[in-house]
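Take the sequence shown: its letters are residues -14 to 868, numbered as in my numbering.
Careful: at least some of the hints might be erroneous.
Said to hold, decoys possible - Below, in silico cross-link-like pairs of lysine-lysine (DSS-like), each with a Cα-Cα straight-line distance of 25 angstroms or less:
(1) K602 / K690
(2) K513 / K530
(3) K18 / K652
(4) K33 / K91
(5) K645 / K599
(6) K690 / K658
(7) K690 / K645
(8) K215 / K18
To be clear, the hints were calculated from the coordinates, so they are not data collected in a lab.
From a predicted model like this one, the values you see are computed outputs, not experimental measurements.
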Amino acid sequence: MKPNRQEKEQSEYRLPTNVKPTHYDLTFKTDLKKATFEGVVIIALEVKKDTSTITLNVSRLELTNATILSEEGEKPVAVVQTDEAQERVTYKLDEKLPSGSQTKLKIYFSGKLGGNMMGYLRGSWEYEGRTEYYALTQFQPTAARSAFPCWDEPLLKATFTITMISRADTVSLSNMPALSEQPILEGLDAETWKITKFDTTPPMSTYIVALANGPFKFLEKSVVMPLSRKTIPLRIYTSPAKVSQAEFVLGVTASVLPLYERILGVEYPLPKLDTVAGNIVDGAMENWGLIIGRSAAFLLDTDNADLLAKKRVASTQSHEIAHLWFGDITTMEWWNYLYLNEGFATLIGEVIVLGEVFPEWKVNSKFITEHLNPALNLDAKLSSHPIEMECPDTESINQMFNLLSYQKAASVFRMLSFYVGEDKFLAGVSAYLKRKLYENSVTRDLWDGISSTTGLDIAELMDNWITKTGFPVVTVTESVGGITVRQDRFLESGREPEYDNDTLWNIPVALVSTKPGKVWGRKIVIDKSLVLREREMNIALDTTKPFKLNAGTNGVFRVLYTPERLSLISREAAKPDSIFNVDDRIGLVNDAAALSKAGLLKLSNTLDLISQLKDEKEYLVWQAIAETLSSVRDVWWEYHDIVEKLDAFRRSLFAPLVEKLGYRYPKGEAIDKMLLRTLAVEHAYQAGDSSVVGELLNRFRAYQKTGDETLIPPDLQGSIYSVAVQHGGREEYDAIVKIYNKPKTPGEQYSAARALGAPRNLSLIQETFDFISHKAQNPDVGTIFNALGSNAIARRPFTKYVQDNYDTLYARFKGSFSLKLLFPAAISFYSTTEDYEGAVKFFQSKDTSAYNQTLEQALDGIQTRIKYIERSTENLKDWLSEE
């Protein structure tokens, strides 16, 4: 029988299915001093088809002896093919293995501890005057094969029994608890080593196998789980100097872990949960039982941390713990279904669960600005792609870790939850997990689970949101007795002459309006039953009263009103007793900004809306306003007259807030007030307010002289450091470098890294380039790149630096998640045809396969900015002149 097309395509990038691993017996010896590791793996295999070859994944490993284990003993097998491009090795067997039999493959291997944020990695820290080394793993998505030979595909789950050999003065950690630990002697130098044996894991994918070894210290506590009633020990491991900064994340872990069990109705199956923080990985990783992440993701000084840092740590840890269910217990079948992991970890981890623990943080409202809007901005590009799409090789798999798999997927789930009701939604998700315990899943499994609790055909309702590129803009036109709503695909570049507008989405339009009320004179009504399934739909409505589509900004779409209706909505939104809540107002600002960029609304209409909201009290609405004005300024960054007037408008909004709120953060102050102060100070100084700039610069200089830390409130640390570099000189720059090199907290190092991208002095900008090349830690390079991309004076030198050092940077970050972000970051701010053509020409001669998606998105963005300038410059000039 000939293979069908899909089987043939998959066979080109998926491992052969003639054998299947069921268990790995893994032994690692980690030598931190030599930065090497070696080991042996015995893999139990089920033979699915008669075969005389075994093919599995290997990358960057030295393989020595390999044998087949049988009752007769060990029989050597030889490598017959090594495919470096596909990262595979094939062994030839002397005798054919019959279908239905079982066998074991034993392989000895060795390798070097790496440093590019993927694989088995070595890092170091300074402690009590000496350098200490540690090792961590980061295997997702396809780096387990660089640590041990394996079937490195998520579908091929197996159990693991891991043994670690390490120096006796280090701590060894893995997914499961240690069963035993005994000293051994090895080598002529008689150094003391130990052997640590860990319990066997449940069935799991290779990408969540985890190892850690080093001189770690830990904080611990335990929780009693609500379903199993088991007591689960929790530990946070890190360097001895920083272990006290693990207290906050430990508390978050203890708060959220039991909530997942209660909300999802599925027990946490492991007997412990550890977290390790180090500086050699980027972000954080949900290894089952051993979460591993960057220090900045987990550590902070509880007494002196800013609120945004606390939010970042809590969101990160809750997100990773969500994966212990979404990804670890139930795993996507292949990487095209990555969103089943990441979308749920984002929505349930960062909104539903975190909202229970920190209700005062308004995480559902924050979702609109931090997740929904960025996802829509990316998905509005011609170069976007569906949430679910084919990703045949490692490079395309790495690029699936983007805003679409995380933020857009979470936004689609949030929209569905709002439409069917959160209780039914979560019950359906629970049903989905229970049906796929320790198994792999595809999209249909999820839809079936939610259909079972809602009685709706969820697959029919949601299919296009997952399988089609883009999202709709809903245009509202008014007539006597109601409105007509029409859907079209939304593009940030406008309605192109020839663009794909064939997709029709099922859109829950969620209409908010009013009817007479007994007490306050009017009652807010939200109609969640309306679903736009065709191109157009008529809705009966009294248009003499306030109304708005997309109530609470829960939908994954933009709404286009006439300028007259938008003006009426703006006036209603500005009222103290408006029927439009904070979520509605955030959505109004974000939609208007995007529609102006696309040429569907005048930019002056968006600026009028912002002016209407100048008395707004909510921080999150101000955040949307601030980001909108910053993005407009960024488009016209080389139009100095426009920038000057835009900055004057920004100062008129934010300087009064600074004057009102001041620079102090009193204990017990309302969170919104704290966040609004931080935002106002940041945007007032960015807009060039001399009073704010002077205050921040004086505080930094005084702090350098006196060491008085009260001069730099944690919430203003980032702004103060950046102002010091931007408006100071050599002395301030050197002080920031010193802080980066010896930070008191990970947050301080992050603030210093951002500040290093802020110089206005060209010689200091060049020093930052040298710092990136020779001194910056790999996980911080992206932070510095983003800061340079926001610095108008540094932009053109920044592009030249990246182009001149392209080969070095590529080699340094090859294989890591960072690669897909670094090169596009050096061009994404341009807005002229000459710069677009220059960027295209430069990258034409490069192998861009590892970042072709993000590069295309950056190039699309340049073209959109060019059109935006052509369409809106005169309109913007006129509005600013009147202002």
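Here is what the structure says about each hint:
1. Our distance criterion of 25 angstroms between C-alpha atoms is broken by K602 and K690, whose separation comes to about 37 angstroms.
2. Between the alpha carbons of K513 and K530 the distance comes to roughly 19 angstroms, so the proposed pair stays at or under 25 angstroms and holds.
3. Between K18 and K652 the CA atoms are separated by roughly 47 angstroms; this puts the pair beyond 25 angstroms, and the hint is violated.
4. A hinted pair counts as satisfied when its Cα atoms are at most 25 angstroms apart, and K33 with K91 qualifies at roughly 19 angstroms.
5. With a C-alpha separation of about 14 angstroms, the suggested pair K645 and K599 falls inside the 25 angstroms cut-off, and the hint holds.
6. About 30 angstroms separates the Cα atoms of K690 and K658, which puts this hinted pair outside 25 angstroms; it is violated.
7. Pair hint K690 plus K645 does not hold up; C-alpha atoms about 29 angstroms apart against a cutoff of 25 angstroms.
8. This hinted pair does not check out: K215 and K18 have alpha carbons roughly 39 angstroms apart, beyond 25 angstroms.
The structure fails hints 1, 3, 6, 7, 8 (numbered hints given earlier, in ascending order).
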